[in-house]
Every structure is written in structure tokens, then in C-alpha cells.
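Asker: Sequence:
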Amino acid sequence: MEVPRIGSRAIGRPTKGRLVNGLQLPATGPDWVTWDPILHRAPNRPWRRWGTDALLAHLVGVLRSYRAANPAAPPVLVGDLSRPFGGVFDERFGGLGHASHQNGLDVDVIYPRADRAVLPPRRVREVDRRLAQDLVDRFVAAGARFVFVGTRVRLTGPARVVQAIPHHNDHLHVRIRPPRR
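Its first residue numbered 0, the sequence shown is counted upward by one per residue in numbering that gives the first Met the number 0.
Among these hints, one or two may not hold up.
Derived DEER-like restraints, expressed as beta-carbon distance ranges [unchecked claim]:
hint, residue 1, residue 2, range
1, Glu-125, Arg-40, 35 to 45 Å
2, Arg-176, Thr-150, 17 to 27 Å
3, Pro-70, Val-19, 12 to 22 Å
4, Leu-38, Ala-98, 29 to 39 Å
5, Gly-11, Arg-124, 37 to 47 Å
6, Ser-64, Pro-3, 27 to 37 Å
7, Met-0, Asn-69, 35 to 45 Å
8, Ile-164, Ile-37, 17 to 27 Å
None of these hints come from the bench; they were simulated from the model.
Beta carbons are placed, not taken as given, at the ideal position from N, Cα and C, and that holds for glycine.
With the sequences and hints as input, model every part of the structure.
Answerer: Written out as C-alpha cells, the structure is:
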């Protein structure tokens, strides 16, 4: 999938912002399937799959290279991005909600499972750490600003980029840098 550059804009901060001229990630692609973390099913609802053109290009590029390097791996599950115009994405929208994901620069990517099931891991021991680390490494190499990982998953990377935080033992959270204008 080629992502068109349409001049999307991330306004404000990831925790207090909005999205202008965003793009919707397709429900499925050659290397991914979207996952709704609230309804626990694929695909994710359309209004939860919006981001800047830069975020979609970053995500699609990383997933393409990951699948090329790991052809036996199942498609990657992609969770929430932002709402169509960004803004608050808190618990009113289901589950714990998101403190960030407000300006189209954030995406959740579910860790691959060791049993190759195309489902989120329910326990840390179900995570395929080799494949999960490969995803982390690829997002870092592609220039992610932050990759937030779970406190118990034991994934590593440059300390200024890869940070372990609570509530991320089943997925990583990628934040890209805003594109320069």
C-alpha cells in the first residue's frame, strides 16, 4: 500500500491536540489486520483508525519490512490510532482510554504471539519476544520518537526512545515525530 501525502497536520500535543486532514488506515492490508481493543475483535472500528499521512507511511513501511524479514509470521495486529479529527480519546470511548492518541502521531501495535494466533496475547508468556523485539527495533530504526513497551515484556532499545510503562504488556505504543513543514 502506498500512502498518499496529503498534508495532514498534527496540531498541539499528543495529549492535547487534534488532527487536520488525516487519513484512515484500511481495516486490513497486506501486512496487518486492525484489532478493536474494546470489542475484542477484528477489524477495529473505522473511527478508531485515523492518523497523519506521516504516521500511516511510517507504520506501513515498518510493517512491510517486518513481514519481508519474517515471512512465516502472521499479519501484525494494529490497534488504535486517533479519532477522525483527533481530540480526546479517553475512557468514554471504551476501556482505559488513551491519555494521548489525540493528534494523529500515535499507534498501538499488538505484540505477535508465540503460537502465531492472530489475537492479542493474554499473558506475557504468550508474546513472541523475538518477533516483538524485531518490531521495536524496526520502529526505532525508522525514527520513532517513542516506543512504549510493557514493564514485564523485557523489550529493549535506546533508553531515550524505548520506555517501559504500565498497561503495555500486550502491545507497544509508537509515537512518531511531527513532520517538518
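Asker: Does each hint fit the structure? Answer for all of them.
Answerer: Structure-based check of all given hints:
1. A beta carbon spacing of about 18 Å between Glu-125 and Arg-40 contradicts the range 35 to 45 Å that was offered as a hint.
2. Look at Arg-176 against Thr-150: about 25 Å separates their beta carbons, and that is inside 17 to 27 Å.
3. Checking the proposed 12 to 22 Å range against Pro-70 and Val-19 shows it is violated: the Cβ atoms sit about 37 Å from each other.
4. Checked against the hint of 29 to 39 Å, the C-beta distance between Leu-38 and Ala-98 comes to roughly 21 Å, which is inconsistent with it.
5. Between Gly-11 and Arg-124, the C-beta spacing of about 39 Å keeps the proposed range 37 to 47 Å intact.
6. Checking the proposed 27 to 37 Å range against Ser-64 and Pro-3 shows it is violated: the Cβ atoms sit about 20 Å from each other.
7. Judged by the Cβ atoms, the range 35 to 45 Å given for Met-0 and Asn-69 is violated: they are separated by roughly 18 Å.
8. The beta-carbon spacing between Ile-164 and Ile-37, approximately 20 Å, falls within the hinted interval of 17 to 27 Å.
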